[in-house]
Structures are given as structure tokens and as C-alpha cells.
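If you're matching them up, the sequences are chains A and B in order. Residue numbering for the first sequence follows the UniProt record's numbering, beginning at 1 and increasing consecutively. Residue numbering for the second sequence follows the UniProt record's numbering, beginning at 1 and increasing consecutively.
Calculated directly from the structure, the hints in this document are not laboratory data. Since the structure is predicted, the reported quantities are computational estimates derived from the model, not experimental observations. Think of the CB as a built atom: it goes at the ideal place given N, C-alpha and C, for glycine as much as any other residue. There are no misleading hints in this set.
Cross-link-like lysine-lysine pairs, in silico, DSBU-like; alpha carbons within 30 Å at most:
(1) A:LYS261 / A:LYS14
(2) A:LYS169 / B:LYS36
(3) A:LYS272 / A:LYS149
(4) A:LYS149 / B:LYS35
(5) B:LYS248 / A:LYS35
(6) A:LYS35 / B:LYS169
(7) A:LYS36 / A:LYS149
Cβ-to-Cβ under 7 Å is the rule here; a few derived chain A residues that face chain B:
(8) SER90
(9) ILE113
(10) THR145
(11) VAL157
(12) GLN160
2 protein chains.
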Amino acid sequence: MAQFQIEQFLNEQKQAVEAALSRYIARLRGPETLKKAMAYSLEAGGKRIRPLLLLSTVQALGQNPGIGLPVACAIEMIHTYSLIHDDLPSMDNDDLRRGKPTNHKVFGEAMAILAGDGLLTYAFQLIAEINDERVPPAIRVQLITQLAKAAGPEGMVAGQVADMEGEGKTLALAELEYIHRHKTGKMLQYSVHAGALLGGANAAQMQELDAFAAHLGLAFQIRDDILDIEGTEEKIGKRVGSDRENNKATYPGLLSLAGAKEKLAFHIDAAKHHLQQAGIDGAVLAYICELVAVRDH
Amino acid sequence: MAQFQIEQFLNEQKQAVEAALSRYIARLRGPETLKKAMAYSLEAGGKRIRPLLLLSTVQALGQNPGIGLPVACAIEMIHTYSLIHDDLPSMDNDDLRRGKPTNHKVFGEAMAILAGDGLLTYAFQLIAEINDERVPPAIRVQLITQLAKAAGPEGMVAGQVADMEGEGKTLALAELEYIHRHKTGKMLQYSVHAGALLGGANAAQMQELDAFAAHLGLAFQIRDDILDIEGTEEKIGKRVGSDRENNKATYPGLLSLAGAKEKLAFHIDAAKHHLQQAGIDGAVLAYICELVAVRDH
Chain A
1 MAQFQIEQFL
11 NEQKQAVEAA
21 LSRYIARLRG
31 PETLKKAMAY
41 SLEAGGKRIR
51 PLLLLSTVQA
61 LGQNPGIGLP
71 VACAIEMIHT
81 YSLIHDDLPS
91 MDNDDLRRGK
101 PTNHKVFGEA
111 MAILAGDGLL
121 TYAFQLIAEI
131 NDERVPPAIR
141 VQLITQLAKA
151 AGPEGMVAGQ
161 VADMEGEGKT
171 LALAELEYIH
181 RHKTGKMLQY
191 SVHAGALLGG
201 ANAAQMQELD
211 AFAAHLGLAF
221 QIRDDILDIE
231 GTEEKIGKRV
241 GSDRENNKAT
251 YPGLLSLAGA
261 KEKLAFHIDA
271 AKHHLQQAGI
281 DGAVLAYICE
291 LVAVRDH
Chain B
1 MAQFQIEQFL
11 NEQKQAVEAA
21 LSRYIARLRG
31 PETLKKAMAY
41 SLEAGGKRIR
51 PLLLLSTVQA
61 LGQNPGIGLP
71 VACAIEMIHT
81 YSLIHDDLPS
91 MDNDDLRRGK
101 PTNHKVFGEA
111 MAILAGDGLL
121 TYAFQLIAEI
131 NDERVPPAIR
141 VQLITQLAKA
151 AGPEGMVAGQ
161 VADMEGEGKT
171 LALAELEYIH
181 RHKTGKMLQY
191 SVHAGALLGG
201 ANAAQMQELD
211 AFAAHLGLAF
221 QIRDDILDIE
231 GTEEKIGKRV
241 GSDRENNKAT
251 YPGLLSLAGA
261 KEKLAFHIDA
271 AKHHLQQAGI
281 DGAVLAYICE
291 LVAVRDH
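Assemble the whole structure, with the sequences as input and the hints as a guide.
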């Protein structure tokens, strides 16, 4: 695939995800304010990296990415709920997210908590009620089990707790990696894993794709830490330098900026290596690797 | 079944649920504080009415209630998460729940939010990963779809939003019933419905059991409102009279105390009628009806 075709594919998939997210909220019979609060954060944009990873993995395995759309939306809903709750005054107390006022700034704290709860719950419904013979119940229960593990008290929620408990402390690299493997890594890995399940990957391909996703996830977080130093507020849509102000452990802080960049390059290379080993049509996934390595927001 | 046998059955099932809840938390590999915060509210007691409704429905259909244990625990986890989030300072701002300090009073607001998120997510995992040939994937996805509908933005979360938006307003009876049908009714109904699914109810039995649960749910809420006037703080474990202080619409407020009691009796009778129509071994479920009608906490 030529680069312009890859970009076109990603653009189309991103639009498909955003249209589906809007449809899923619109069809709900519930209080209008709740629907607005849920839609507000879902529509606040972002790169949609998780849904795109899932859909690109399905495509790389030669299947129609459309079969992954409900799960892609479920992942984005869970990611969005986690941002809403993380931004709350009792958590990170952030006023801005992706350049817009955070959910509780617009709808109030109580509604923001409930909008998050609603998105989290609805995500599981979307997968359970998939009405597509290519995704039978036996696959759906696997998708749900693994999503709950990635997002729940052994996954993202554990990472958030570890992050909170680590604030103001001097962390070793292993502790920092625990936080990131759980807080962001598990959901990124799940995105690829779910795509592999839906695309019908065999055991060997699954193993390589899981390893690909693990390295990509760490690369993603290292780049995030680097951006907090090098990025501009305008581009990343939130305050720059907030990690240092909040006394948060970061890769550049532990390894120096040059050391962090080296580690970033290592993980990107390792991710690409495993992708190649999977023996699939990995052009789009390799392109996403590049995006993560050089992203400026 | 004689009354002492019914009470013994309910006691045994309650203990089975509480033991299983503890096991489910103990097996988690995650931060200890998170596990403690989740366990704290799960172990805070309560009547376990939802799990008992589920297990008693399975029993009433002649099946082994043990097959319902994971779903019963999932329901209790979702009920518990909703209490933790409802009690938060930005929501009802309650310091006491079941006679004990609320979760955020013990673990702080951020951890309470995350403990709730963890319980909600874990609940879906418990159902998805049921390892029992009597509960095949096709039943599990139905159980998950319906649980998400009962708990999510068309169910309990919608009820919570409507409740919040109704505060300080004069509500019509229809609005009050909307709140209760969603905030507490849907999860009570789900408990019976899930038990009926697991117990293999036929379509006619399902319809009667759904109607039974709808009336029971309204009765439950009316009794709750009456208790807020007539109960003692010691027995119900939270402040009495808080509804009036918070200017909340209640059944006694709209119908007078005598009118509310009449409505309670009507719904209890209707619930029993539908139970009888189901043509099952409904002795335990009828006993639960009585408990709801006369409960003092």
C-alpha cells in the first residue's frame, strides 16, 4: 500500500468510528443531559489510536475491518470514560483536555462521574449484543473477558491506582513501567489482540501481534513523556511541563532526555520486528508505529 | 417449604454469595489498597436482596442455585459500585452507609471513584468467563447485554441522573416512578430475569416473573421512602429524614403516608399474583415479598 492509500484508509476508518460513536449515543433512550455529557467527551476528538489499531489489525489479517466497528467503539468509550474520571478534581484536577474544557468543567462533577459510568457500562453492551454471524457468542465472551481484564482492577484501574500512589515518590524504572503497562499499555494491547481475534489470527500470529502491541504501548508512553517536555501546549491541548510540576516520575526524568529517546527507538524497532514476524499485511500497522514514534501531539 | 427451611435456604445462599465475593477480590493481582477499598464496601453487609432474588428464582425453577453464583456476585458488585459513587461528595455527600463510614471517608475520593470503576468492570468479567457448560456463551452474552441495559445509561445511571435533576423540584407521580423504575427497579428486575434465564424459564414464566419483579421493585422503593419517615437511624444505618431535608420527592410526600402504604400493599399483592401465575415453586420468592413489605431496614 502506498502512503496515500494508508492515510486514506486510516481517515476513512476514523470517520467510520466517529459516525458509529455518534449513532450509538443518539439511539439511547435516556436523560438528554447524560447523553450530551457522554457525547461531549467522545466527540472531543483525539487520534482514535485504539480503534484504529483494532481495525488495522483486522485489515492486516485480510478481513473486513467493518466487523470490528462495535468493539472499536467500545474501546474508545472505555478510553474516554477513563479520561473523564482521571480529570476530576479529586484525581488529576485538569481543566483542559484536547484543548477543550474537561467534562466536569462543562457538566459538573456529578454528571461527569455518571457520564463515565455510563460509557463504561455501555461499552460492554456494544460487544455483547453484536449481531453478526462472523462474531459468534463464544468470541464475544472472550472479547468481553479480555476487555474487562485490560480495563479493570488488574489493568487500567490498577495502573491508575499505582500512578496515584507513586506521586511525589522516587520511582524505579520497573515501577514506572508497571504504571504504564497497566495505565495505558493494557488497553493498547487489547486493541491489537481484539483485532487479531476478530481477524482470525492463528496462535503464532497472535503471539507476534501481542508482542508488537506491548512494545508499541511502551513507545507510546515514552513519547508522551518526551512531549510533556518538548511539546507545545497548542499542539497537545493540555498544559506542558505538568509532569514535572506534579513531581511525576517520567522516562526522561529517570533516563535523561537522550536516554528516553533511545528507549523509544528500541521499542519502535522491536514492535516492527514482531510485526514482520507475524507474516501479515502489516503496512498500516507499521505506519501507525511511525506515527507513534514521531507524533507531536 | 416451611418457614424455617426458607430462612435456612436464604441464609445459606447469602453466605455463599459473601464467601464468593471475598474469593473474587482475593484472587485479583492488583494494588492492595484498591482491593481493600473494593472489599470494604462489598463486605459492608446489606441484605443482598438482589443476589438472593436471582438465586431464589433459579431455585424456584428447579435448578441448582449454584449455577447463578457468578451472576449474583456481578449484580452485587454493580449495586455496590453504585452506592460508592452515589455517596461521593459531589453526589449525595453521605458520610455513613449501612452504619459504617462511606468508602471515600475511609479511602479518599479518588480511590473511591476507582474502586467503583473496578467493581463495575469486574462484574462483566465474572459473567463473561463463567466456566460451566450449563451457562453457554449464548446465554452469557444475553446476561451481559441485559445487565448493561439495567445498569447503564438506559437503566440505573439514567435513574441517578433523573434523581439528581429532580432534586428541589416538585415531581409528578409519573416522574417519581421513572426515577425509581430506573434507579433501583431495573437492577431488581434484572436479578429475577437473570435467574429466570439461568433456570430455563419458558416464555410464559419469564413474562410473569418480569411482572413480579417490576411490582416488587416499586414496593421496595415505596417501603424505602416510608422507612425514611418511620425508621430509626440505628436500624437503617443512615440518617433518617434526609429525604425531606434534601427536599426529595417521595411516595409519602406525594400520596400521604397512608396513601403510600396502600400503594405498597397493592404492589406486593400484584407481585404475589404474578408469582402464582408463573406456576413455579415460588415459596422463597413469596417470602422475599413479605420481607420487602415489612422490612425495617
